[in-house]
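Chains as they are written, first to last, in this note's numbering: chain A, 1 to 459; chain B, 1 to 459; chain C, 1 to 459; chain D, 1 to 184; chain E, 1 to 184; chain F, 1 to 184.
Quick caveat, the hints were computed from the structure, so don't treat them as lab data. As the structure is a prediction and not an experimental result, all values here were calculated from the model. Do not take every clue at face value.
Pulled a few chain A residues facing chain D out of the computed Cβ check, cut under 8 angstroms [as the list claims (entries may be wrong)]:
| id | residue |
| --- | --- |
| 1 | 106 |
| 2 | 144 |
| 3 | 225 |
Simulated coverage check for chain D against chain E, where a stretch passes if three residues somewhere in it have a Cβ under 8 angstroms from a Cβ of chain E [stated by the list, open to error]:
| id | region |
| --- | --- |
| 4 | 103-117 |
| 5 | 143-157 |
Cβ coordinates follow ideal geometry from the N, Cα and C atoms, glycine included.
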Amino acid sequence: MTVVEPNVAHGVLNILARVENELARNRVPVEIWNSDAVFRAEMDQVFGTCWVFVAHESEIPKAGDFVQRRIGLDPVIVTRDGKGGINVLSNYCRHRGTQVCQTDAGNSRFFKCPYHGWTYSNNGDLVGTPHMHEAYGERMDPKEWSLKKAPRVDVRSGFIFASLAQEGPTLEEYLGGGGWMLDILVNLAPGGMRVAGPPERYQINADWKAGAENFSGDAYHVDTLHWSNEEVGMIQGTTANAEMMHAYDLGGGHGTLGFPWPMIGLPLWGYPPEIVEKFDLSTFDDAQRYVLETNLPTVGNIFPNFSYLRAFAPVTPGGPTTTVTTFRVWQPIAPGKMELWNWQFVFDFQTDEEAHDSYVTGQLLFGSAGTFEQDDTVAWEGAGRAAQSAWMQREQMSFSFDQAGRTTADTTFDADYHGPGTKRRTGFGEFNQLSFYKRWLAVMRGDTATVSGEGATTR
Amino acid sequence: MTVVEPNVAHGVLNILARVENELARNRVPVEIWNSDAVFRAEMDQVFGTCWVFVAHESEIPKAGDFVQRRIGLDPVIVTRDGKGGINVLSNYCRHRGTQVCQTDAGNSRFFKCPYHGWTYSNNGDLVGTPHMHEAYGERMDPKEWSLKKAPRVDVRSGFIFASLAQEGPTLEEYLGGGGWMLDILVNLAPGGMRVAGPPERYQINADWKAGAENFSGDAYHVDTLHWSNEEVGMIQGTTANAEMMHAYDLGGGHGTLGFPWPMIGLPLWGYPPEIVEKFDLSTFDDAQRYVLETNLPTVGNIFPNFSYLRAFAPVTPGGPTTTVTTFRVWQPIAPGKMELWNWQFVFDFQTDEEAHDSYVTGQLLFGSAGTFEQDDTVAWEGAGRAAQSAWMQREQMSFSFDQAGRTTADTTFDADYHGPGTKRRTGFGEFNQLSFYKRWLAVMRGDTATVSGEGATTR
Amino acid sequence: MTVVEPNVAHGVLNILARVENELARNRVPVEIWNSDAVFRAEMDQVFGTCWVFVAHESEIPKAGDFVQRRIGLDPVIVTRDGKGGINVLSNYCRHRGTQVCQTDAGNSRFFKCPYHGWTYSNNGDLVGTPHMHEAYGERMDPKEWSLKKAPRVDVRSGFIFASLAQEGPTLEEYLGGGGWMLDILVNLAPGGMRVAGPPERYQINADWKAGAENFSGDAYHVDTLHWSNEEVGMIQGTTANAEMMHAYDLGGGHGTLGFPWPMIGLPLWGYPPEIVEKFDLSTFDDAQRYVLETNLPTVGNIFPNFSYLRAFAPVTPGGPTTTVTTFRVWQPIAPGKMELWNWQFVFDFQTDEEAHDSYVTGQLLFGSAGTFEQDDTVAWEGAGRAAQSAWMQREQMSFSFDQAGRTTADTTFDADYHGPGTKRRTGFGEFNQLSFYKRWLAVMRGDTATVSGEGATTR
Amino acid sequence: MTTIDTPDLAPAGPVVGPLADAALQNTATQFLALESKLLDEAREEDWFQLLDTDLLYVIPIRQATERREDEVNRKAYRVRDTLAHVRLRLDRLATGVAYSEIPPSRTMRLVGSVLATRTDQEDVIAVSSAVLLYRQRGIDPHFDLLPYRRNDTLRLTSDGPRLLSREILLTEVALATPNLGLFL
Amino acid sequence: MTTIDTPDLAPAGPVVGPLADAALQNTATQFLALESKLLDEAREEDWFQLLDTDLLYVIPIRQATERREDEVNRKAYRVRDTLAHVRLRLDRLATGVAYSEIPPSRTMRLVGSVLATRTDQEDVIAVSSAVLLYRQRGIDPHFDLLPYRRNDTLRLTSDGPRLLSREILLTEVALATPNLGLFL
Amino acid sequence: MTTIDTPDLAPAGPVVGPLADAALQNTATQFLALESKLLDEAREEDWFQLLDTDLLYVIPIRQATERREDEVNRKAYRVRDTLAHVRLRLDRLATGVAYSEIPPSRTMRLVGSVLATRTDQEDVIAVSSAVLLYRQRGIDPHFDLLPYRRNDTLRLTSDGPRLLSREILLTEVALATPNLGLFL
Ligand code: FES
Ligand code: FES
Ligand code: FES
Ligand SMILES: [Fe+3]
Ligand SMILES: [Fe+3]
Ligand SMILES: [Fe+3]
């Protein structure tokens, strides 16, 4: 994609060259996880061009509804205008920069700047300036002087994405296999899914890529980092996790791990009959149905920083069970620092009680106090700290993704899989993580022409 | 002025070039409000050369009195020495840098460094070194080893200014029309004005220029940002404010808005007879008298960061009235961050009770808890945040001063005004703000030869 | 020493050139005390090559014992392995950087990474990876994939030092006269000294060099900065301190001040008979014995940032007396900011009661609440603040070490001193401080070939 | 234009429930102080004994909204624990492999602004408090602050007061600490 | 040279006024707790009911000076409010266009170190307290801290205690928050 | 696999000493509040009158260790003061040349989580508290925070309570302030 000039500074280009060399031997250099220069370049190259998730339609159902979100470091207002359109607006007044929206959510037809009163419609247009005649003679052009708007906004299965680049692949092209897999997760029933509540947010001393990498394909950490959950009965059989999880490399940097829920007697992620009977799988294609019958998407990431996870768990140890679905954004806030935005999702048709169990249990496991989440939030801190080390920089430290070259698991592609990208019959190998970083490298270099990515093309 | 080599870095010169281009079409680029490089250059070019207000004589009336202030980021001790002279001293010991003064105010003949005891007179001279003979043989030269001193210190109507540049225009030349207008505000009676109390300080997440720009000429914000005051009866008629305020462009980046107090039945800012009878206007020239009879200075800024405001208000809604005078410094403390230093002033002759009413009411409106002030302090935050946005930088965002080219108000100069600079018969137009930034650009480029500035020369 | 390429940035080289010029006239430029670039270069040039103190053997007496320390900004685990060997290990997992040790001290044979379970022996070797066969086929090479280790670790009189450089002088060569003098302080009895307790830590807004410089030879500050202690009877005769202290310039940047304890009736630092009778001075050479009989090491610094002090004091004013020994590290944590690590030491043979008195009194004087320490911690702040001043930078401010050229004290070398380096018969002159900075300059330039340094060679 | 009318001073009743007397207020104060001490000393099992079997412990989600009353969505949870959930968390901490809290965060729970009021139920009191939790994890060079208000109810039993319900209103919309691996 | 003379232990009288008994101390504690709760919950009108008609609310200016007793200039004000001024501020907040507090800052007022003493007047008590106010404005990514001590007097009325005077001594010389758009 | 067994609720006894009644708790609360006030007002000599002649004031050293019980080494001291040491410190401060505290730090000691319990000795009570000390030194542009818990004993004398012992457990392993030139 050439819409943004590759304005990465010289120091960054050197780092990217080292990334390329190291990726070739299944390594990633430490310096990308906490560097002012790399972070600044990411704000342009990654968050200035990619399609970034900003909100779900169920968060702004009515005309006038809005939520405030971020793309990279930029606050944006995601609005539902009077015509039902969705707008992603910069939150800086065009007159002198004062922020026109100071809330996280609300409902309003207008955003009036408190400083001098310039007033914008919720589609971004400048619709009023006090003392218009004396001050400006004629009306300021509403479009020329509108709040800056994300030039492209689109929706996939209720998920709203925005791109700050004028040109480039469409959302459908961009998501590619990632969107195809996302559909499997959420389009099981008419109406799809909705948020169970507003996002909860917590700040982690780790680079946003640490979360994205992990959700892309890290089957290997579960029976160590999360072992305590096995001991107390919140999960079972995690020692087989890396073996049972199959890795989908969906192209475009998108990756998913698929767990064989049917194999452990929990078809369709263990949803109970009263839920399953509401499902309508007829909209899926054959390849999707194959996925639904074998290794269902369980944890995954859509490049760059939008992840999901579906799990089955007791609402308390030994108690009744539920299936939970969490989506999250690894929101960069500074080099080596992110803010995690975490939503629980339920199916639109679920009863309040069903939704409540799923919501509460989803938070019990994967909220900021989650019995799984807690340990991830701090395990990811190390990379960013190592990145700041003068010693490690002198040593040209790189982290190891050596499983890709060493694993003895069967890493051939599943020939029965006919969906986008590829599927390996194992969770060993750290392949998806490497694909994530290869995509990152390409995007950082402004070379994002081949949207469907290496994963998709090797299919 | 060539006393400081224009040591602005290359990146800054590019920014300044864009500022020049944008100013030509009544715009100012967003990047100047929060940039490490621009801020660093300001410390040299602006605060290293300009005459900067540091204190008022009434704060250090007696020999030995001192207050600690700042020029740019540098702490300076402003002292009244034994001969009545005023000195502006750097607060770093010449031996090893320990700060010799750790208080905001006091009275002392000497500043003794706590580390090794080097002792400086309150005129800065090094007057003692422990064990002088063994340590240094002969006495260290008191001048060569004095605390670094502002090379030039001068006073205008009780206001003490200092310049860190060895050469350049005199204070009188520098202030030009700004000084002439300041005199109108404070020299109404013998003895002039005095501080009602020490400064109060509060830290604002906004660039120092946001305050300077606003006080230079922003008549347009009052009936939006401060409307709540109208609703509760603390002010009246603000919808006519931008129209009634006349803009004085005084040259040198100094600007003032003059309100027609006589026109609303409040000649001389509404001072009551018992005050007015103490006034002696005979010292003013004809042009000053014209100002006093028509549009009196009400809010203004002396370049770079020294502002004033005079207002008339009830001491409580519906209660008796008073006239208040506040001076303030927009003290830079970091890129995009300032500390506001705010003083209330009263006439030296005022009784304790008169002074008390003016002081308390001045603070009620314009202190850190002021019913006007509160809203300014946060409205100004946006520009600095926008300046940090990668998106806005890619968009080459500039803020709008388009009123200058579009206003339908009568913007011809008042032909009856014969004072320095120019006077327009309206507060619309954002002219003074543009003059402030034009001056800023010239100073940043080290091109400060024409002291009297564009405003003065067009008179 | 050429083991580390002089990768100091261009801006730093300019600063170093100015340091050289200024040192030639007994000055040191202000900019070295608080500069991102200088600090970053120090992490490589100083802390990446020098032998740095990390722990004392008495802190990790048993197999498995470890403490966590820092070299420059890098956390290191100092371990006693099963064979009694001492290892200095980087605390970043080689897989993805997670920190494998989250405690300050403990006892463990292994460090297991919480993220994916890679497990390291306490000698650093990688000894386990979960699912080894599936994940990695063959065992990962334990040495190739070990925690990064300080390539060189050595011990002098119980003090453990590490160097991150592969090559260079041995510890003995590096310490030179500094080690010889250290021995005098601690090797007075079999078993030497031990820590009285774990280190206490406190963060000071001053550059690490401020402490190192002070302990290298600042006899001149005592009767000013610490005068309050004289007034309350915790010390006596400090007005004669600079005169009585003799300065040992031990080469290699190491310096010591020697106080004539015998002259004031307190031979051997005033240790009482029951302690002295345990001493065995037979291991010392003639020059060491001369030192012990004349000017005993009292305060000193081993380049770069390891200092010591021995003092004699009442346990309370007017009460019984004790002799205290404190060691400390001036740990850099940011430009212009250090963390002081302070240990009290006692002789290994001392009874609990003797040790207790020495410990408590050592802390009373030189702990974070110490009646001496308090004032040092803040007097040192000034240099770093001055370093950030745009004004002082424009003035090219340098701090004064002019005593070296001006003192009238007898600064000829003591001809009776036959130890390493030189000894002057005075504490005036600021010579040791200049030697510290000369050494710093050489090390920063990567020119550390002549280990024994200028001090030693001029003997 | 406003006038300065001194409003009728309504009795305290409408503003808040009936205030506890000194003895009851003391019961509440000591209970909250004891709790904070036990949790700061990592004595979670002792603390568990102070919980009522009907415990409901909720941290709702807060957002910046134009009106204070819209900020907290009481059907949106960071945490919604019953006693069984708390038991689960303690059991997990006790496994020795709950890494986020190994070593345990060093904490200081400063409880103040305690206000006890009586409720409809004779044996239940309502207690409002403000808390600042200061946390330093592992070898973190920095610290984290967690400010919050709590609306609790305590059941007065013959064994002493027991925590019956707790609602925690975090002051901030985003946690400035990586997780809530602590009881608030 | 000092000697360790144990000074005659003067009775508490000279150090501070006569201490309140437990009931009176409780009155003060609950009053301050209630206030902090109402203000944190943006219930300013309820809080207003707790103010005495003779209220004087003062924040003097503090500077760093060599002696503690010179720091605070009691004739220098950040704020000096009577009840009419407070009414004005509340009215302004209620206009819906007092932008600095739209949305209202999320706050947590932690009140501690409460000490109640009796005064010359039977129906007036003096109350000293320490407060940390934690504030997060709008969509600020950061928080602001306001530390201060308060010297209050409360008038004991048949309707309960009322705030008669409040002096606020800020700990810092410069506010680390952009304005005092809050009651302390 | 855990089961949710509600443990036998042990009486408060084992968890902590016998709780003070409201009057005794008030004695402790007022004592700590008074202390904090005097120290914040730089009235160290008045504070000194509140110390028992047998005072032991200790700040042990804390480290991050795997178990909470290993963190604090009670034979390792930042400070271990008797009354004579405190006297010495006050005398030094009074010299006028104890530079670190010229001018005196502006401080705010916020004391909360106060819990008083009875001890074996009739005239001695144990008091646990949590404190946040906010400090701004001289012309520092920043502030320092010192969080800690205190375990005190007070001797009840006819002249009022006196501080008999104080153990200060700092929350952090490294002080985020340059020195402890203050009483905690
Ligand atoms: S800044 Fe928005 S209207 Fe002026
Ligand atoms: S630093 Fe001032 S006398 Fe040495
Ligand atoms: S990061 Fe240590 S095992 Fe993966
Ligand atoms: Fe995980
Ligand atoms: Fe304004
Ligand atoms: Fe010293």
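Mind listing which of the numbered hints don't hold for this structure, in increasing order?
2
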